[in-house]
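So the protein lines, in turn, are chains B and C. For the first sequence, position 293 (counting from the first letter as 1) is numbered 293 according to the working numbering, and the numbering increases by one without interruption. Take any residue in the second sequence, note its place counting from 1, add 1000, and you have its number in the working numbering.
For the record, the hints were derived by calculation from the structure and aren't laboratory data. For glycine and all other residues, C-beta sits at the position ideal for the given N, C-alpha and C. Hints are not guaranteed to be accurate.
What the hints assert, rightly or not - Straight line, CA to CA, 27 Å or less: simulated BS3-like cross-link-like pairs of lysine-lysine:
hint: 1; chain 1: C; residue 1: Lys-1516; chain 2: C; residue 2: Lys-1221
hint: 2; chain 1: C; residue 1: Lys-1241; chain 2: B; residue 2: Lys-163
hint: 3; chain 1: C; residue 1: Lys-1516; chain 2: B; residue 2: Lys-163
hint: 4; chain 1: C; residue 1: Lys-1296; chain 2: C; residue 2: Lys-1490
hint: 5; chain 1: C; residue 1: Lys-1275; chain 2: B; residue 2: Lys-163
hint: 6; chain 1: C; residue 1: Lys-1105; chain 2: C; residue 2: Lys-1221
hint: 7; chain 1: B; residue 1: Lys-163; chain 2: C; residue 2: Lys-1537
hint: 8; chain 1: C; residue 1: Lys-1196; chain 2: B; residue 2: Lys-82
hint: 9; chain 1: B; residue 1: Lys-49; chain 2: C; residue 2: Lys-1196
hint: 10; chain 1: C; residue 1: Lys-1164; chain 2: B; residue 2: Lys-49
hint: 11; chain 1: C; residue 1: Lys-1186; chain 2: B; residue 2: Lys-82
hint: 12; chain 1: C; residue 1: Lys-1221; chain 2: C; residue 2: Lys-1537
hint: 13; chain 1: C; residue 1: Lys-1295; chain 2: B; residue 2: Lys-49
hint: 14; chain 1: C; residue 1: Lys-1186; chain 2: B; residue 2: Lys-49
hint: 15; chain 1: C; residue 1: Lys-1295; chain 2: C; residue 2: Lys-1467
hint: 16; chain 1: B; residue 1: Lys-163; chain 2: C; residue 2: Lys-1264
As the list claims (entries may be wrong) - Pair ranges (Cβ atoms, derived):
hint: 17; chain 1: B; residue 1: Leu-26; chain 2: C; residue 2: Arg-1401; range: 34 to 42 Å
hint: 18; chain 1: B; residue 1: Lys-163; chain 2: C; residue 2: Asp-1232; range: 27 to 35 Å
hint: 19; chain 1: C; residue 1: Asp-1232; chain 2: B; residue 2: Val-66; range: 50 to 58 Å
hint: 20; chain 1: C; residue 1: Asn-1197; chain 2: B; residue 2: Gly-167; range: 43 to 51 Å
hint: 21; chain 1: B; residue 1: Lys-163; chain 2: C; residue 2: Glu-1408; range: 40 to 48 Å
hint: 22; chain 1: C; residue 1: Val-1225; chain 2: B; residue 2: Val-66; range: 52 to 60 Å
hint: 23; chain 1: B; residue 1: Ala-56; chain 2: C; residue 2: Asp-1156; range: 32 to 40 Å
hint: 24; chain 1: B; residue 1: Arg-28; chain 2: C; residue 2: Glu-1408; range: 27 to 35 Å
hint: 25; chain 1: B; residue 1: Ala-56; chain 2: C; residue 2: Glu-1348; range: 50 to 58 Å
hint: 26; chain 1: B; residue 1: Met-114; chain 2: C; residue 2: Asn-1197; range: 44 to 52 Å
hint: 27; chain 1: C; residue 1: Ala-1419; chain 2: B; residue 2: Leu-184; range: 45 to 53 Å
hint: 28; chain 1: B; residue 1: Ile-131; chain 2: C; residue 2: Thr-1406; range: 54 to 62 Å
Said to hold, decoys possible - Output of the computed footprint for chain C on chain B, the stretches with three or more beta carbons under 8 Å from beta carbons of chain C:
hint: 29; region: 32-39
hint: 30; region: 89-103
hint: 31; region: 258-271
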Amino acid sequence: MYQYILKRLLLMIPTLLGAALLVFLLLRLVPGDVCVLRMAGGAGYVDPKAIELCHAELGLDRSYVVQFLDFIWGFVRFDFGKSMWTGRPIVEEVALRFELSLQIAIMATLTAIMLAIPLGTISAVKQNTWIDYVVRAFSIAGIAMPSFWLGVLIILGLLITSKSLFGSPWMPPIKYVPLWVDPLYNLSMTIFPALATGYRYSAVATRMTRSALLEVLREDYVRTARAKGLVQKLIIRRHALGNALLPVVTIIGIEFAFLMGGLVVTEQVFNLNGLGKLFVASVTNHDYTMTQALVMLVAAIFVVTNFVVDIIYAWLDPRIRYK
Amino acid sequence: MNLSKYLRAASIMAVSAAVAIGFSGAPGQAAPKKGGTLNFVVPDEPPSWDGHRETTFALIHPFAPFYSLLIKVNPENPSSPTDFVCDLCTEMPTPSDGGRTYTFKIKQGVKFHDGTPLTAQDVVASYNKIIFPPEGTTSARVAYFVMVDSVSAPDDHTVVFKLKYPSGAFIPALATPYNFIYSKAKLDQDIRWYEKNVMGSGPFKFAGREAGASVRGERNKDYHVSGQPYLDGFEAIFSSKQAVRVQAIRGDRAAIEFRGFPPKSRDDLVDALGKDITVQESDWNCVLLFTPNHKKKPFDDVRVRRALTLAVDRWGGSESLSRIAIVKAVGGVVFPGHPLAATKADLEQIPGFWPDINKSRAEAKRLLQEAGVSDLKFVLSNRAIDQPYTIVGTWLIDQWRQIGVTVEQKMEPTGPFYARLRSQEFDVTMDFNCQSVVNPLLDIGKFLSTDIGNESYGGYTDRDLDKIFEAMNRAPEEAEQRKLMRQFEKRVLDEQAHSFVTLWWNRIIPHRSYVKGWKISPSHYLNQDLANVWLDK
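Extracted from the complex, chain B is given alone in its bound form (with noise of 0.2 Å):
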């Protein structure tokens, strides 16, 4: 076990330099400046020599290998340096964010796993019932409904609900307060972007769910387990569960990892300040050094994510860490 531990920790080096390097040669390709977004306000005009002493003060009149391997040794020192367009450290202006959006990842992830694990499980058991087809239609829908139009309704909802109700309207908070300071505030800002996020993820892994476990349902150890008289319950408990969750693991840990700086247009919707928002702002004002340490943040998280459901699955499989 140890030595797949090892192998896999070594394997993120490569991957990570590798989105490194991609993102610094793909921001470089945009065109745009970030000193003339910056001083001109995408409208005004600037002497050219400002340009330069901004080109200068930024580092971008030294040359890519120069300012690939500085981005690289700080990315190893785990000092991301100052955002191009503020000015400010980068980990000031990320650590809100990132806050944010792992609590929104957290609480869509515990949505997803609280619905789909029980639905997918009743709706392979009960195969071809109304149960299955209810169950199926649900995460059809899931599927197919874009979360931020999901938001958008739930925003429409509360509006005209309330207002029929309570005679005014009410919407989210849009202003941020951390967990810790007001739990209440904080949940009623969170709750709704993350339930409408988890229903489309517990929707993708209620389906995995349901075809995973089918699928052990027929292996033929089920079927002995079957023959020597157990009950269903304890069948689908003890013996097909858990082999069936090990796709379902992998689905959970990459949707996991893809909301920490993919919610992008339900952040939009909610007015969230998460990493999603962060990461387009960055890349319009053509903010190098924040875009590239967001890209790398978001590949670290991916990486050390499949890092770990590869750690679950070799616990729950011990055939993979002897290949």
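Since chain B is already given, all that's left is putting chain C on it; use the hints.
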């Protein structure tokens, strides 16, 4: 008009009328109440916090309340483009020395938020940074002060501006809302200190910021205007999505957004909230232009350029577009509400403003045929922003289609769009002229020759035009300025057909009715220190 449309229009008119009455000091108007926090939404977060460097409303809306200005647009009459009052000075000065010296007396006892006294030295240090920025710093408004020779402080309460020549553009430039008065001590410590820090003498003290989320201010108890501000504080909440900002006001998560909403959002809010919403509207000192690239064929031919403007029905467009977009007023190169602006009769003499659009389009077709490009095709470069860029761009394409010209619209995000403008890699481009204080004598610098006009992208050199501009800025009398302005306008829009005005923007601010004291101005940069705003709840 069907019943729902009629009711909607009637309700808008009723609410607007109520506002007009409410803000005109009608009998029974309530006295300002103290207390409360004003929550407002801002579509963007500024890159830095230095007003001298930035050009965006995203800086003004959350940060103007922290600062005082030397003079400002009258907050009681902000729709006037010529009414200026003292903020830190004691009275508006009368120029001496043939209009070349302005002496301001500074209020005594004014304190910065850290308790240090504000003196004339702070005003001088701030204006020197704006007018003569030291190396390594950028000032966005150097060009506003080309007439200034020096700024000095003979004592702690007197500031003297010496001009190279008398200029009617000076006082409006001085009232620019970005001209925050900074502490000399802080500037001496680090000339770029204000890019990341706040310390002014305005009605509110900086209370905190959450990156990308909000900026908070709290009442400055030592504010130099007695009894103000009325609010305990404010919170500016950043939200880039317009739909979210509209819903935030609808759901009372925010009371107002100061930039402006399109007509549809106004109507939706009025429909949903009735008396709880108040609408203020104004002409806006922003205008969309379209500019042909003079360095590219066939736009190097004045006949082709003139044909493009002749095809556009501004009068009809104003009526139809004002229902769906934030544009409305028909005007020339000067803000329509200003004394120097063209009258309707003046405008109707200029191609593109003729009252008979059929005659205008027939002439456009004739000119294209004469130039040998009756099947003209080109690309219109546009900024990928819905309001009002895309809408007006699409409308223009339809106008040109009616004279047989085929146009493809190429929309790009702000960065690439302006990169294209600066490199002049376009056929015809959409552009805009958006200013704070209405100051036509400087605002029209947009139309000057490329090597002189800071934001002139047409690629032309017209020294006669530049001379008119120069003469106008030096003309002491308004009548002379007005005469020269008509010559300038005729040369830009008609004789040389350099660049063209489409429609002026229309500012629509629907806000919660409990927000009182704030009056709309013709610019989303003006009257934003919130000193006179109060909440009636």
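Status of the hints after comparison with the structure:
Restraint check for Lys-1516(C) and Lys-1221(C): the C-alpha separation of about 20 Å stays at or below 27 Å, so the hint holds. The suggested pairing of Lys-1241(C) with Lys-163(B) holds, with an alpha-carbon distance near 23 Å, which does not exceed 27 Å. Distance restraint check for Lys-1516(C) and Lys-163(B): the Cα-Cα separation of roughly 25 Å lies within the 27 Å cut-off, and the hinted pair is therefore satisfied. With a C-alpha separation of about 23 Å, the suggested pair Lys-1296(C) and Lys-1490(C) falls inside the 27 Å cut-off, and the hint holds.
For the hint pairing Lys-1275(C) with Lys-163(B), the CA-to-CA distance comes to about 15 Å; that is within 27 Å, so the pair holds. Restraint check for Lys-1105(C) and Lys-1221(C): satisfied, since their Cα atoms lie roughly 23 Å apart, inside the 27 Å limit. Annotation: proposed proximity of Lys-163(B) to Lys-1537(C) holds, straight-line Cα distance about 20 Å (limit 27 Å). For the given pair, Lys-1196(C) sits about 13 Å from Lys-82(B) by alpha-carbon distance, which is consistent with the 27 Å threshold.
The hinted pair formed by Lys-49(B) and Lys-1196(C) meets the criterion: a straight-line CA distance of about 22 Å does not exceed 27 Å. At roughly 25 Å between alpha-carbon atoms, Lys-1164(C) and Lys-49(B) fall within 27 Å of each other, so this suggested pair holds. For the proposed pair Lys-1186(C) and Lys-82(B), the alpha carbon gap of about 22 Å is at most 27 Å, so the pair holds. Distance hint between Lys-1221(C) and Lys-1537(C) is fulfilled; the C-alpha atoms sit about 22 Å from each other, no more than 27 Å.
For a cut-off of 27 Å, the pair hint linking Lys-1295(C) to Lys-49(B) stands: about 25 Å separates their Cα positions. In summary, the hint linking Lys-1186(C) to Lys-49(B) is supported, as the alpha carbons are separated by about 25 Å, within the 27 Å threshold. With a C-alpha separation of about 22 Å, the suggested pair Lys-1295(C) and Lys-1467(C) falls inside the 27 Å cut-off, and the hint holds. Between Lys-163(B) and Lys-1264(C) the CA atoms are separated by roughly 21 Å; this keeps the pair inside 27 Å, and the hint holds.
Take Leu-26(B) and Arg-1401(C): their Cβ atoms lie about 38 Å apart, and the range 34 to 42 Å holds. Checked against the hint of 27 to 35 Å, the C-beta distance between Lys-163(B) and Asp-1232(C) comes to roughly 29 Å, which is consistent with it. Distance hint check for Asp-1232(C) and Val-66(B): the Cβ-Cβ separation is about 51 Å, which falls inside the suggested range of 50 to 58 Å. A C-beta distance of roughly 45 Å is found between Asn-1197(C) and Gly-167(B), which places it inside the suggested range of 43 to 51 Å.
Separation of Lys-163(B) from Glu-1408(C) is about 45 Å and conforms to the stated range, judged on CB atoms against 40 to 48 Å. Between Val-1225(C) and Val-66(B) the CB atoms are about 53 Å apart, so this pair conforms to the stated range of 52 to 60 Å. Between Ala-56(B) and Asp-1156(C) the C-beta distance comes to about 38 Å, which sits within the given range of 32 to 40 Å. Range check, Arg-28(B) to Glu-1408(C): Cβ separation about 29 Å, and the 27 to 35 Å hint holds.
Between Ala-56(B) and Glu-1348(C) the C-beta distance comes to about 53 Å, which sits within the given range of 50 to 58 Å. One distance hint, 44 to 52 Å for the beta-carbon pair Met-114(B) and Asn-1197(C), holds here, with the actual separation near 46 Å. Between Ala-1419(C) and Leu-184(B) the C-beta distance comes to about 47 Å, which sits within the given range of 45 to 53 Å. Look at Ile-131(B) against Thr-1406(C): about 59 Å separates their beta carbons, and that is inside 54 to 62 Å.
Judged by the Cβ-Cβ criterion of 8 Å, the region 32-39 of chain B is covered by chain C as claimed, because 6 of its residues qualify and three suffice. Residues of the region 89-103 of chain B lying with their CB closer than 8 Å to a CB of chain C number 5, which satisfies the three-residue condition for coverage. Counting residues of the region 258-271 of chain B whose C-beta lies closer than 8 Å to any C-beta of chain C gives 4; at least three are required, and the coverage claim holds.
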